[in-house]
Amino acid sequence: MSGKTLTGHCLCGAVTVTMEPAKPELNACHCGMCRRWTGGVFIEIDARPGTLTVEGPVRSFRSSDWAERASCATCGSPLWYRLTDPKADFHAVSAGLFDDAGGFPLTKEIYVDRKPGGFAFAGDHLRQTEAEFLASIGLSAEGEGQ
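For the sequence shown, the UniProt record's numbering assigns the number 1 to the initial residue and increments by one for each residue that follows.
Hint data in this document are derived by calculation from the structure and do not stem from the laboratory.
Some hints could be false.
[Stated by the list, open to error] In silico DSS-like links for lysine-lysine, alpha-carbon gap of 27 Å or less: (1) 4 <-> 23; (2) 87 <-> 4; (3) 108 <-> 4; (4) 87 <-> 23; (5) 87 <-> 108; (6) 23 <-> 108.
Here the structure is a predicted model, which is why all the values come from computation and not from measurement.
Starting from the given sequences, assemble the full structure and let the hints guide the process.
Written out as structure tokens, the structure reads:
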């Protein structure tokens, strides 16, 4: 737990989010759904369970059998990716909502085998293929289902 509270907002300011990061780090997802949703790579900060609060108009889209994506109902800014299992309290919150992305370093990229050739992040951090990432969360690779 980082103990740091982050407050951010969408592009138009209609939605404000407050959360404590689970860890002081950024994660990047290159899956096809995230790329289509954000127009590029989805860079996120995992919220510590129970700490995410939201004010403003939010719309959600169930993007798979086990996850949904939320965006501002006014401007469309991506807000978070959430697991829909009622036992899970997992929100991957868009780092772009926060000034300087919370000041955190990039520590992990997932779906690196799906990223376009021109998408490359410098530095020494964990890079997982789709199969490696899905295995790490106890799922099997059956197409791209995030």
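**Request:** Determine which of the earlier numbered hints do not hold for this structure and return their numbers in increasing order.
**Result:** No numbers; nothing is violated.
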